[in-house]
Amino acid sequence: MKIRLLILSCFFFLVACNNEVKEKNKQLTDTTAALKGSFHVSPDLSFDSLELDSFLQQRPDFEAFKDDFKQFYKLHDYHYVWYDKSGIIESAHNLISRVQTQEDEGVFQSLPYREEFLRMITLEADKSKQEQPTIAVELMLTAQYFNYAKNSWGGGQTINPAEMGWYLPRKQLSYPDLLQRQLSLTSENIEQEAVIPQYTALREELNRYQQLEKNGKDVLVSKDDLVRLNFGDSASVVRQLGERLSQLGDLSKDSIGDVFNEGLKNAIQRFKKRHGIPLDAKLGGRFVSELNTPFRKRIEQLIVNLERMRWIPLGDHGERFVLVNIPAYHLYYYEDSKLTWDCKVVVGKQMNQTVIFGGNIQYVVFSPYWYVPPSIIQKEITPAMRRNPNYLAEHRMEWNGGQVRQKPGPGNSLGLVKFIFPNANNIYLHDTPSKTLFSEDSRAFSHGCIRVERPKELAQLLLKDIPAWTPEKIQGAMQLGKERWVSLPKKVPVYIGYFTAYLDSQGLLNFRDDVYHLDQRLLKMMME
971 MKIRLLILSC
981 FFFLVACNNE
991 VKEKNKQLTD
1001 TTAALKGSFH
1011 VSPDLSFDSL
1021 ELDSFLQQRP
1031 DFEAFKDDFK
1041 QFYKLHDYHY
1051 VWYDKSGIIE
1061 SAHNLISRVQ
1071 TQEDEGVFQS
1081 LPYREEFLRM
1091 ITLEADKSKQ
1101 EQPTIAVELM
1111 LTAQYFNYAK
1121 NSWGGGQTIN
1131 PAEMGWYLPR
1141 KQLSYPDLLQ
1151 RQLSLTSENI
1161 EQEAVIPQYT
1171 ALREELNRYQ
1181 QLEKNGKDVL
1191 VSKDDLVRLN
1201 FGDSASVVRQ
1211 LGERLSQLGD
1221 LSKDSIGDVF
1231 NEGLKNAIQR
1241 FKKRHGIPLD
1251 AKLGGRFVSE
1261 LNTPFRKRIE
1271 QLIVNLERMR
1281 WIPLGDHGER
1291 FVLVNIPAYH
1301 LYYYEDSKLT
1311 WDCKVVVGKQ
1321 MNQTVIFGGN
1331 IQYVVFSPYW
1341 YVPPSIIQKE
1351 ITPAMRRNPN
1361 YLAEHRMEWN
1371 GGQVRQKPGP
1381 GNSLGLVKFI
1391 FPNANNIYLH
1401 DTPSKTLFSE
1411 DSRAFSHGCI
1421 RVERPKELAQ
1431 LLLKDIPAWT
1441 PEKIQGAMQL
1451 GKERWVSLPK
1461 KVPVYIGYFT
1471 AYLDSQGLLN
1481 FRDDVYHLDQ
1491 RLLKMMME
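Number 1105 in the working numbering belongs to position 135 of the sequence shown; there are no gaps in the numbering.
Quick caveat, the hints were computed from the structure, so don't treat them as lab data. A hint or two may mislead.
For lysine to any residue, the following SDA-like pairs were computed, each having C-alpha atoms within a straight-line distance of at most 20 Å [what the hints assert, rightly or not]:
1) Lys1377 / Tyr1341
2) Lys1452 / Trp1369
3) Lys1120 / Thr1104
4) Lys1426 / Phe1408
5) Lys1443 / Val1456
6) Lys1193 / Ser1216
7) Lys1377 / Thr1352
8) Lys1494 / Glu1277
9) Lys1120 / Met1496
10) Lys1044 / Phe1017
11) Lys1243 / Leu1196
12) Lys1184 / Ile1269
Construct all of the structure, not just a fragment, from the sequences and the given hints.
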């Protein structure tokens, strides 16, 4: 479990595992520090523990933090931490600013005791340095810190991810520990110890889109004019297209013009890559739809994906592991925290959704039997057998101990190899004879399992620690026609996640379609 939590924190894969983007995130982190300024435990300023009980009794919305309060202040012998000899410290003022602008982070929970809090701070600012600090202000600042950490770094506590099929472990935060670490730092950013690296970068993108929405209207591009556009053309729609791509960050302002030139072509390709659109010359259909998606829709997309990132546990990385992002229809393989291989996948369709969860790959099975799930037997095979008594034989299927199974071979629904990570959902990775589906833009076609575009290469990666399993031997086992199980000497974690907005290994913001319609459900839960 410890390894699972450690590796899972790298799930927001394509940033945390790239050195160039790590540096970019470090810069972002340094410039968006959660609470700049130094904390000071004031040895001359302390209060009675009964004051804390009184404070919480008068403010029941903070009662949930009672144990956190006691743990933190007991550690500091009930001394003030938000004051020094000059009064309230800089970090307090930064906290005040941050808690009032939580919507900039996609957090919609109202600020508890907002009016009282602001009134306290105003009165405290008018005090002379000689006056004794107010205990209620000290405790209110700590309470607001805990509340901020809960909402901005821990995610909505009333949201149950399982209601949306999310069964990956959820991060647990210790608010006293976070505040204690903040105390031990100077101007360092405690946020990097509370959320995964990509959270900060994605929040910057949210702020950028929020600013775009404030600055003006979306520049919409005419589909009819765009589909007739060719390289080298000069037309008004070219400028319109350039302005839109400039708004979205794919084209510099000084490159906007009236001629469809190489610069605009490169910007179009960049935009397509970020949205999972085929890199062809076509400018209609999905390209126009993604291009004209309103800022508000993108803001909502970023908000829900920031919430998902708040759920992800933190930790170091070093093990090899496999990640699948359902909306991207893509699998990523990591070794030593580096992306070393990736490929397309086919995931479950809307009616048979792939579950969002994690496991450990333990076996590679060559020339596998396919044991048909009872639901497929009931809904598909039994009706087919009524229509055609020879259905099982024609599809190389047979009864086996009360189950229906398909014999190994090229026509087997699992293809020539499968990858087993035992789980209650009966989901696994596997080959497929239906290779043409990998050429589709949207690849939600399976009954829930994940079909891998290049399974032989994945088998080679997983078995490379076993010298006997050469590429030639793997190829032979796949073609053998007889099932063979191979145990991995060390289990390989696999994580199946769901992100419709993320940054890739080049630090580019990517958007994907909400294939299971989970974004709006989560947004609604966040707004309630």
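Each hint tested on the structure:
no., hint, verdict
1, Lys1377 / Tyr1341, "holds (9 Å)"
2, Lys1452 / Trp1369, "holds (17 Å)"
3, Lys1120 / Thr1104, "violated (25 Å)"
4, Lys1426 / Phe1408, "holds (15 Å)"
5, Lys1443 / Val1456, "holds (12 Å)"
6, Lys1193 / Ser1216, "holds (18 Å)"
7, Lys1377 / Thr1352, "holds (18 Å)"
8, Lys1494 / Glu1277, "holds (12 Å)"
9, Lys1120 / Met1496, "holds (14 Å)"
10, Lys1044 / Phe1017, "holds (11 Å)"
11, Lys1243 / Leu1196, "holds (19 Å)"
12, Lys1184 / Ile1269, "holds (12 Å)"
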